[in-house]
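Peer 1: Listed below, chain by chain, are the residues.
Number of protein chains: 2
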Amino acid sequence: MNFFNIIFQPSGKRGKFQEGKTVLEAAQELGIGLESLCGGEKSCGKCKVRIIEGDLSSFSEEEAKWITDSERREGYRLACSVRLKGNALVFIPEGSLVQKQVVRKEIVTHKVKRNPAILPYLIELHPPSFHDPLGDFDRLQNALSTAYHLPTLEIDYPTLLKLPYVLREGNWKVTALIWMEREILDVKASMVNEIYGLAVDIGTTTVAGYLCNLMSGEIVATKSMMNPQVIYGEDVMSRINYTMTHPDGLEKLHRSILDGLNQLIEKAIEDIHLTPKDIFELTVVGNTVMHHLFLGIDPRYLGVSPFPPSLNLSMDIKARDLGLKVHPSAKVHLLPIEAGFVGADNVGVLIAEEPYKRNENVLIIDVGTNGELVLGNKDRLLSASCATGPALEGAHIKFGMRAAPGAIERVRIDPDTFEVDFKVIGEHDLKSKTEQTNKAKGICGSGIIDAVSELYRCGVIDKSGRMQNKLPSPRLIIVDGRPEFVIARKEETSIGKEITISQQDVRNVQLAKGALYAGAKLLMKKLGIKKLDRVILAGAFGSYIDPEKAMILGMFPDCDLKNIHAVGNAAGEGATLALLNRGKRWEADEIAKKVEYLELTIEPDFQQEFIEAMQIPHMKDPFPHLRGLVSDELLDQ
Amino acid sequence: MNFFNIIFQPSGKRGKFQEGKTVLEAAQELGIGLESLCGGEKSCGKCKVRIIEGDLSSFSEEEAKWITDSERREGYRLACSVRLKGNALVFIPEGSLVQKQVVRKEIVTHKVKRNPAILPYLIELHPPSFHDPLGDFDRLQNALSTAYHLPTLEIDYPTLLKLPYVLREGNWKVTALIWMEREILDVKASMVNEIYGLAVDIGTTTVAGYLCNLMSGEIVATKSMMNPQVIYGEDVMSRINYTMTHPDGLEKLHRSILDGLNQLIEKAIEDIHLTPKDIFELTVVGNTVMHHLFLGIDPRYLGVSPFPPSLNLSMDIKARDLGLKVHPSAKVHLLPIEAGFVGADNVGVLIAEEPYKRNENVLIIDVGTNGELVLGNKDRLLSASCATGPALEGAHIKFGMRAAPGAIERVRIDPDTFEVDFKVIGEHDLKSKTEQTNKAKGICGSGIIDAVSELYRCGVIDKSGRMQNKLPSPRLIIVDGRPEFVIARKEETSIGKEITISQQDVRNVQLAKGALYAGAKLLMKKLGIKKLDRVILAGAFGSYIDPEKAMILGMFPDCDLKNIHAVGNAAGEGATLALLNRGKRWEADEIAKKVEYLELTIEPDFQQEFIEAMQIPHMKDPFPHLRGLVSDELLDQ
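So the protein sequences, as listed, match chains A and B. FYI, in this note's numbering the residues of the first sequence are 1 to 637. FYI, in this note's numbering the residues of the second sequence are 1 to 637.
Just so you know, these hints were derived from the structure itself, not from any lab. One should not assume that every hint holds.
Which copy is meant is left open, because identical chains are indistinguishable; a pair holds if it fits in one copy or across any two.
Below, computed lysine-lysine pairings styled on DSS-like, alpha-carbon distance capped at 30 Å [to be verified]:
| hint | residue 1 | residue 2 |
| --- | --- | --- |
| 1 | K439 | K423 |
| 2 | K173 | K593 |
| 3 | K318 | K277 |
| 4 | K594 | K530 |
| 5 | K318 | K162 |
| 6 | K162 | K325 |
| 7 | K162 | K593 |
| 8 | K470 | K423 |
| 9 | K252 | K325 |
Could you put the whole structure together from the sequences, leaning on the hints where they help?
Peer 2: Shown next, in the form of structure tokens:
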């Protein structure tokens with residue numbers, strides 16, 4: 001077997017690889033963030049690279065789908081398709097590099113009753129004597145039992161090993177940190193005023209961590225990062241697929257999220273003079289696949305009907321068993337899974353939003369690559385999962401990109417002149433308004449929703465999503481015989497060409513929103529609900545969707561606009577609540593069992609509902625609350 | 001810092017060591033079994049080596065205590081005292097090599113009610129469907145709960161990871177191995193007819209393992225080995241000392257017993273076609289120091305008054321947390337500790353002998369380097385620990401050695417001719433009578449007890465232990481002005497000289513037996529007992545002590561000879577019982593709390609009792625049951 005050198009430009013990273021490796025595999029092994037939405041399945045076209053020189057496998061049919069003839073002449077190839085036959089020098093264009101996500105995972109902090117799982121117990125012991133030679137642990141146990149009426153305790157093994165030293169160092173006056181009145185996690189030869197915990201939301205794309213002082217209930221740091229698994233595939237199905245097609249795939253995905261979390265932990269503590277050993281507990285939410293990959297459980301059975309998880313129940317595990325670099329005795333609490341893809345993240349949303357305490361009917365939509373829906377009130381709750389596809393996150397869209405610097409995230413179109421006003425995410429964050437002069441690189445999810453909604457409102461596309469072939473505006477252009485609408489002109493972009501919304505983009509958005517709408521509709525039918533009292537748009541993404549535009553697009557059935565709210569990262573908020581108040585864990589266990597799961601794909605009405613919901617806003621359903629926002633003419637089409 | 005080469009003969013082992021290392025340290029690092037009873041403290045004189053050539057530290061005062069002038073001229077040194085200043089070639093004489101112990105740890109198998117901690121549950125599940133998409137673990141849990149009325153179970157993390165595969169491999173019919181109706185240790189895609197466990201007795205000198213089929217209650221293999229910690233010191237105090245004087249001492253002792261147990265496990269399974277993964281549970285007993293070193297707990301506080309252990313309570317821990325190579329989910333159950341040095345081994349003795357179920361008063365003596373005593377009946381039990389010293393195990397005796405091939409283990413002296421009849425342990429085992437023609441190398445504990453007892457019975461030593469200066473026999477010789485009695489003549493030995501019992505040897509035996517007797521006497525006083533109904537001699541050693549000789553020597557107060565029993569390794573038997581019947585664990589927990597510990601060293605009468613008990617059989621106490629065995633003249637001295 002031969003080995004060849006490969007050098008990547010502009011980074012200059014290089015390595016020696018076996019004959020037959022793909023350029024994508026080589027890039028991944030070198031840690032280069034080359035986009036690969038489909039996980040190397042040749043189905044997304046995002047991993048375009050330019051071969052400067054080198055001996056490689058010949059151009060394939062699959063590549064021809066993504067590489068134009070002129071690109072081909074310049075040396076462009078798909079990195080996932082091209083295999084090494086000799087040394088190679090490869091250039092990665094900016095558009096193929098994974099961008100640093102602008103992470104929007106701030107959570108709305110509720111007033112939460114503080115009742116953490118770990119509490120400190122200050123205790124003074126009588127030193128051993130000939131007449132009382134009891135063992136150190138027994139002595140501690142008895143004293144705690146007498147002073148605090150605690151039951152029989154366990155002690156974590158590493159803590160047992162240090163106990164004799166700490167008792168003597170503290171002159172028999174120590175603080176025991178006890179988890180759930182059950183297990184001694186640590187013993188300190190001093191008073192303890194601060195115990196920290198970390199709430200973690202593992203999103204398919206973004207991971208967010210909320211570092212909390214368990215004693216005060218305060219969130220002391222919020223940090224987030226891209227899920228490092230993204231290089232192995234953009235959505236949950238491509239990650240499942242990666243584990244099935246690579247012998248070490250499961251291990252790689254498992255290690256990459258844990259390595260990522262260890263980095264996140266370092267980031268969370270860096271500004272506040274803590275060490276990782278100050279973190280005694282983590283609460284974790286994520287969809288079912290993220291949950292399984294975090295634990296290292298093979299997710300393959302989640303990928304085939306009837307999609308059973310390995311466990312639904314919540315779980316407590318030692319952080320060290322996972323290799324998390326926190327306190328050696330720290331615990332990890334995973335919230336329970338509802339069913340199928342409706343995972344612990346949705347349970348987090350539920351305990352944050354508490355629909356089970358409401359009288360009115362509320363629809364909660366957790367928007368993401370996989371959409372999750374919950375509908376109901378205190379009497380009954382139904383959940384469902386929709387494969388919305390990644391369009392609402394900017395993938396499978398011609399100029400789609402993540403919510404990263406350079407992404408168009410707000411679009412407004414003048415219905416008379418068809419002139420476009422848009423807003424670009426700045427280098428540092430959206431918040432710094434001064435950065436809005438940046439040139440556009442692509443268009444992210446909220447921009448796509450805005451754009452399609454506006455195209456409909458302005459009559460550029462009709463109810464069925466068909467784009468007009470002619471328009472009294474140079475914004476409408478014809479590419480390969482099909483119309484596209486120019487959102488950003490060439491001089492407004494950094495990519496040397498205009499950014500458009502294509503007919504295909506509109507179709508992809510319709511598929512996504514149609515799935516959500518159809519799901520919501522089926523849930524309403526099951527519960528016998530005719531009208532939504534309230535809609536909550538959750539998700540890291542959710543806080544930036546414009547509720548009005550979303551309803552014009554028809555992401556969900558009609559609802560009074562004042563009762564539609566974007567609540568931000570409710571899943572992360574749920575994890576935080578569970579960290580600060582153990583009562584929320586029992587609430588989570590209860591609600592995860594109580595929520596009824598509806599498998600949409602086997603509902604006989606699903607196809608019909610889906611077809612009707614693909615229209616904008618809907619084929620048949622009335623939208624009285626859109627009167628005045630959209631012309632009557634359009635609504636009555 | 002300079003490094004020098006050292007070569008050991010006759011093995012030829014060699015290595016490079018830093019200037020200033022002792023020859024003993026070098027030998028230990030090379031894994032050479034050089035005797036070191038005191039753990040390198042220059043106080044046993046057992047690590048004699050001959051320097052063939054080399055540049056070493058000069059002869060010290062301490063060495064002069066152990067090396068005669070003629071030996072010094074031949075190049076003899078103490079390996080623990082001599083430090084490297086250059087390269088060296090060192091010869092280790094046979095007498096300084098650790099011998100392969102003849103291990104006598106057979107246990108008397110009782111009829112025991114079988115009630116192991118781990119039971120197999122065969123269970124058939126409904127496969128998941130769209131209408132029942134419950135998670136794998138929840139599904140298993142529910143099925144077990146329905147079929148067997150089991151409570152909420154935990155599942156060990158590695159088992160959770162394999163569960164999805166096993167359920168499908170077994171076509172949803174599997175066997176769950178459940179510990180204490182609490183934790184699923186493993187799930188197998190087949191029927192399970194055999195589950196194995198290992199009962200382990202970690203003695204200071206010998207480690208014994210009893211491999212049991214938990215389903216049948218049968219002991220399928222009995223294996224033993226020398227405790228590999230022996231090279232770091234012979235008794236518990238020298239091992240505590242080793243951990244305190246070497247920065248990595250605790251880790252070394254901890255690792256060495258675990259490595260040893262992993263070897264023992266391999267030995268236990270080798271003949272019966274099992275793998276280490278077939279072992280699902282271990283029960284462990286050992287004295288308090290062995291218990292602590294097994295767990296890796298610093299034993300230093302056991303070495304200073306009031307000698308509190310780190311814990312008294314029994315404990316369950318994952319075998320993998322200790323690095324034991326058995327089933328990845330296997331459990332280890334450590335029996336509880338009574339107090340101070342009266343450890344889990346004594347608890348094992350108690351649950352094997354069950355004095356707490358007797359009406360009559362029984363004295364149990366567990367003979368070892370540290371002697372443990374229990375006295376009482378169903379109403380009350382007292383325990384005590386005696387620092388007997390290693391004399392009864394053959395150390396601190398001029399020609400003392402362990403019960404290894406070449407050791408004299410039985411001695412009979414003709415009271416008229418003073419001729420000696422002795423028996424030597426054969427190469428293979430005592431059981432093979434054909435080996436008794438072996439030449440003697442030294443004298444082990446039971447031989448020493450026999451010899452001193454016989455010397456007294458024959459009038460060679462008097463009640464006070466003083467040896468006669470003259471005797472009408474060439475057996476009495478004078479060495480350095482002091483009398484010694486020849487047990488084996490030069491031509492009967494393999495060491496080129498006669499084997500004798502010296503005056504000092506008699507004194508050391510008197511110290512040991514005096515401590516046991518005084519301890520027993522104080523326990524009798526505390527309980528208001530005038531007369532022993534029964535004496536049980538336990539210990540791996542115990543089964544080979546001749547009860548008659550032991551009573552003549554005065555190891556314990558007078559008792560009817562027919563009520564004195566040697567029961568073999570009762571500690572190991574207790575561990576086995578606890579393995580096969582979980583009820584014995586609760587019995588152990590109860591009795592460990594109930595037994596009252598008497599710290600002998602702070603009893604005001606101890607010194608007086610000890611002085612009186614040093615006489616043979618005792619200064620004052622009558623021994624009516626020795627009438628006829630020992631001349632009236634001697635008894636009435």
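Peer 1: All hints, please: hold or fail.
Peer 2: Hints and how they fare:
For the homomeric pair K439 and K423, the shortest alpha-carbon distance inside one copy (10 Å) is at most 30 Å, but the shortest distance between copies (100 Å) is not. Taking the closest pair of Cα atoms, K173 and K593 come within 30 Å of each other only across two copies (25 Å); inside a single copy the shortest separation is 44 Å, beyond that limit. In this assembly of identical chains, the alpha carbons of K318 and K277 lie at most 30 Å apart whether taken from the same copy (14 Å) or from different copies (23 Å). Taking the shortest alpha-carbon separations for K594 and K530, only the intra-copy value of 23 Å comes in at or below 30 Å, while the best inter-copy value is 71 Å.
With identical chains, the CA atoms of K318 and K162 are at most 30 Å apart both within one copy (18 Å) and between copies (18 Å). Taking the closest pair of Cα atoms, K162 and K325 come within 30 Å of each other both inside a single copy (19 Å) and across two copies (25 Å). Only between protomers do K162 and K593 lie at most 30 Å apart by alpha-carbon distance; the minimum there is 24 Å, versus 40 Å within a single protomer. Only within a single protomer do K470 and K423 lie at most 30 Å apart by alpha-carbon distance; the minimum there is 26 Å, versus 115 Å between protomers.
For the homomeric pair K252 and K325, the shortest alpha-carbon distances inside one copy (18 Å) and between copies (26 Å) are both at most 30 Å.
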